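> Residue numbers (full-length UniProt numbering), protein chains in the order written: chain A, 1 to 841; chain B, 1 to 415.
Hints are computed from structural coordinates only; laboratory data are not their basis. Note that the coordinates shown come from a computational prediction; the quantities given were computed from them, not determined experimentally. The hints are all genuine.
Quick list of simulated restraints, FRET-style, between CB atoms:
1. A:Asp294 / B:Gly197: 42 to 48 Å
2. B:Met377 / A:Leu184: 51 to 57 Å
3. A:Gln761 / B:Met377: 54 to 60 Å
4. B:Leu391 / A:Ser75: 38 to 44 Å
5. A:Ser53 / B:Ala136: 16 to 22 Å
Stretches of chain A that chain B covers, calculated by requiring three or more beta carbons in the stretch to come under 8 Å of a beta carbon on chain B:
6. 45–55
7. 235–241
8. 348–362
Think of the CB as a built atom: it goes at the ideal place given N, C-alpha and C, for glycine as much as any other residue.
Spelled out, the chains give:
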Amino acid sequence: MAPPAQSQRSPSPSQPSGKSEVSDLKLQLRQLAGSRAPGVDDSKRELFKKVISYMTIGIDVSSLFGEMVMCSATSDIVLKKMCYLYVGNYAKVNPDLALLTINFLQRDCRDEDPMIRGLALRSLCSLRVANLVEYLVGPLGSGLKDSNSYVRMVAVMGVLKLYHISASTCIDADFPSILKHLMLHDSDTQVVANCLSALQEIWSAEASTSEEASREREALISKPVIYYLLNRIKEFSEWAQCLVLELVTKYVPSDSSEIFDIMNLLEDRLQHANGAVVLATIRVFLQLTLSMTDVHQQVYERIKAPLLTLVSSGSPEQSYAVLSHLHLLVMRAPYVFSSDYKHFYCQYNEPSYVKRLKLEMLTAVANESNTYEIVTELCEYAANVDIPIARESIRAVGKIALQQYDVNAIVDRLLQFLEMEKDYVTAEALVLVKDLLRKYPQWSHDCIAVVGNISSKNVQEPKAKAALIWMLGEYSQDMQDAPYVLESLVENWDEEHSAEVRLHLLTAVMRCFFKRPPETQSALGAALAAGIADFHQDVHDRALFYYRILRYNVSVAERVVNPPKQAVSVFADTQSSEIKDRIFDEFNSLSVLYQKPSYMFTDKEHRVPLEFADELGNLSIGEAANNVVPTQMVEENDKDLLLTTSEKEETKGSRNNGSAYTVPYDGSSTSVFASQAQVESAVSNPTLAGHSPQASFAIDDLLGLGIPATPAVPSPPQLKLNTKAALDPSTFQQKWRQLPVALSQEISVNPQGVAALTAPQALLRHMQSHSIHCIASGGQSPNFKFLFFAQKFEESSNYLVECVINTSSAKAQVKIKADDQNTSQDFSTLFESALSKFGTS
Amino acid sequence: MLQCIFLLSDSGEVMLEKQLTGHRVDRSICDWFWDHVISQGDSFKSQPVIASPTHYLFQVVREGITFLACTQVEMTPLMGIEFLCRVSDVLSDYLGGLNEDVIKDNFVIVYELLDEMIDNGFPLTTEANILREMIAPPNIVSKVLSVVTGNSSNVSDTLPGATGSCIPWRAAEPKYANNEVYVDLVEEMDAVINRDGALVKCEVYGEVRVNSHLSGLPDLTLSFANPSILDDVRFHPCVRFRPWESHQVLSFVPPDGEFKLMSYRIKKLKSTPLYVKPQLTSDAGKCRVNVLVGIRNDPGKTIDSITLEFQLPPCILSADLNSNHGTVNILGNKICSWTIGRIPKDKTPSLSGTLLLETELERLHVFPTFRVGFRIMGVALSGLQIDKLDLKTAPSRLYKGFRALTRAGEFEVRS
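So here's chain A without its partners, still in its complex pose:
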């Protein structure tokens, strides 16, 4: 209704400012204002309509305020309504003129017609002008006592509006206690419901300062109030029922008979036509029975049918919201839904976010009895036109295979995928076969026979290629041409762009070497040479590590590279169970739709500013993970974990694709295979940043290896930074606490940079190219927060940076701490120049 602020200042040429029209209207309104001629209301109505239509399309008509008020002396209700609408819209920007309207609104509040009384009172309270509150108290007081329920209903909401304009006026007039009385005694349920919602809001806001208010808030969920509301619940409107049900979820019944009474009373709400009521009821049921395990199970059985009906009956939007809740329940108790798996079959027309939910549910409910049919259905989707869904469904088949004991038929299916000659199908299937082999090594014979037929040239996707290479290394004794395939891959080392694939290639060649030494020797030499010369930190480190361990002792090397393996038995979950429980507690809220608990996404205004102490858990370990090993990785014992980690991250990423923002997921919950074999974990982890770069240079010299100079990074000459700086999070945290702030300033970010900052990762990469590494990052548009560090070249002097970028204002707040205070200014210049280049390069 109000024009956006921008168009007030500079009306775009395509949209006329309407100035001449507005002054025209002004003139006409003025002429009509005093007139009492018959038919004047009709002409007024036309004019009002015009004014409001201008307002609607965004033309500023606030200059007509005076004239509109003058014309408002009328008995025509349509005119009044339009006038109220206009006044409500512009009073806030014209507080002085708003005073003019008080008079006629107050008069209308005493009108004979309850409709006009109500409307006038609503408009009066919607003016929201702070200096007019004194005029509200009187009409509100009499409105609350009005004989007509419509007026009372409006007045109750008016009290809430008054509270938001001026809390003290509202409290001083003792309105809350009047509302409380109304809530418990009014005959009209809508008045009761409005009282309830107003009181909840007022007392929750007051509770922090006043003990009495928090007591009153507690009293709302006391037994008498709850029972009083529950007994009348059928008289409430459907929306008010939702409100009452929400209140009931907060109520703690004293014993189980009370729980059963409440559930019996509410049971028919499960059959309500309004989905919001059904879901609110389900939430009450689930919350009430949390402590009673067996009843809780029965509740699942009971709510199943209403939920499934809601999914199939409502509009697509409703079914999506319900499906998200169903998804949550299915994940919690898959066995309850295992006979209803057909409800989760995807329809052709469904949008992909719905299909994705359904695929996850199908995966979850698979058990011995329905696996065959579910997998058959999933295989149908593999030929789907929608490629991402086809991929998901192949992954789903794989997940089911990993859950089940009888995988015979599934393995056949997967192997069929490999023969489908579609590159993405082959790619997904390869990754799955690899996972499958880790869990069921006994299938290796059948799988290897098929995998052996796949030419590595036809596999392009890094993950799939890595999986293929892993199999070549792991089963080189069974695959005739494994050494030669690996050799040809090593020959094309430079064309391989993915570091992940190169890492796997190194390991695979090593493994193959121990199984078939003569055939692999030359490939191993070439691979190690290429690996050590590699510009990628991890590849370089791993090659060097293999080289050294081979020099040190070949049998130790074999123990490290080819340890006796046990099959992986359990997949750790991608989402921690704690998070799932939090979401479950927030059933029937947005959390469920986003699959994140609300503390991760709600109202940024109310969110506590990030503090370092508790944020490491929430921030993603950025690219710096290449240098700094997150603690949990140390516990892992298999080189393949790298692959798995990135895989999981990617699935996470893709899940986030649908929603506009990504909440920082924490690196530590990105869990990986929980393997049982605990073999020499520390030694065998090649990515462990055991040696600092300086040290490794020294050893390199000893070994006489020609290490190519690290790629020169252009940086201002006054301060050279170490391109391979390493720092682990705990040290960072410790230093951050100890050091004083050396510099604190605001830097403006160029517009291209802001545009490129769609996700934190982009900036991380950019800064890394300037030798400034990120240790943690988080936040979402418009506020991103980064923690960077850098190290002085050939010195162990660190710079720590906290940088908060606000994309809407294009400003960055930077705090710098440094070991060496003298150079902090230089570093700041460097940092600023690096940041300013972001987006332009």
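Fit chain B to the given chain A structure using the hints.
Then chain B, alone, in the frame of chain A:
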């Protein structure tokens, strides 16, 4: 708590803005939203609940109009979505359909309606019956009158009595010379059929719609001959729960006019009225298509408006398809639609032809899914039957009518 509602046209223009709370939501959110929708490609494919940098947005798209609601606080998602659906229902009921022009012509009424439907971000009255008493809908008569006399008051000056009554869905006692009540069973059949003709899934979703014009406070009882086949039911608030629980009888005081009394679901149906047999055989860069459609189980009434639609796979260069009955069209977005109408007595309708594949492809890997549409008047395919409808204290003249209709919902045949 919703903070603001916008109505957007199909080009993203803001047609209407209704601020609901003291927190003013800037219009620029709509620009963000529209950019988001465009980046998603297809507005129907974008999620109904999305998060913008500043607000959480609910969107419901009806007839090209986007109903957008914003909030900043945690709330129950279904309340937002259901409310928007109701708004669109009420508006289309009031304005006799939804489109950009009709909303722009009647924006004052839309404002009035929103004013009564939601206050301070919390939904109040969404029953069309009650709203109609507060705000008179624009009808042709009043439109003509307003043209002739220039008078277009569309507000009744009486308050609805029902706001205070304990039957909130029913307006104060109306009076009719002819007392009529009509009950319609409308069913939609959702089915998935495999390439070998096996029924993967078959389910019926049905609604009992009632159109009642009865004087006073009528108390109706509706019973079914075979209520046990119902798997799950949902009721209009007017239905009393206890009689249903004990005897499967619907006992209710109806709202005046048309409403949805009940919706139900019946799963695990064993057969479909039609069969569709698609055959696709690929050979040397060409794919031969042959689809037969015929009656599998005669429902006893004519099946009409039969259509068949499928998306041609993206790897197809051209398609040459013909049928021996009905018309075949290939639309711009590579959707092939075959309108059959009724099945003729003398032959089985068939669609045949060839698809030319992209040059390097030997055979087709992606198989189309055929979506089937049909309509059968006079039959509820689930087999649900109305036994009788009784009216306590029946007026002297009462007309009762029953009808049934089944149509295809999501009816898919895979190939």
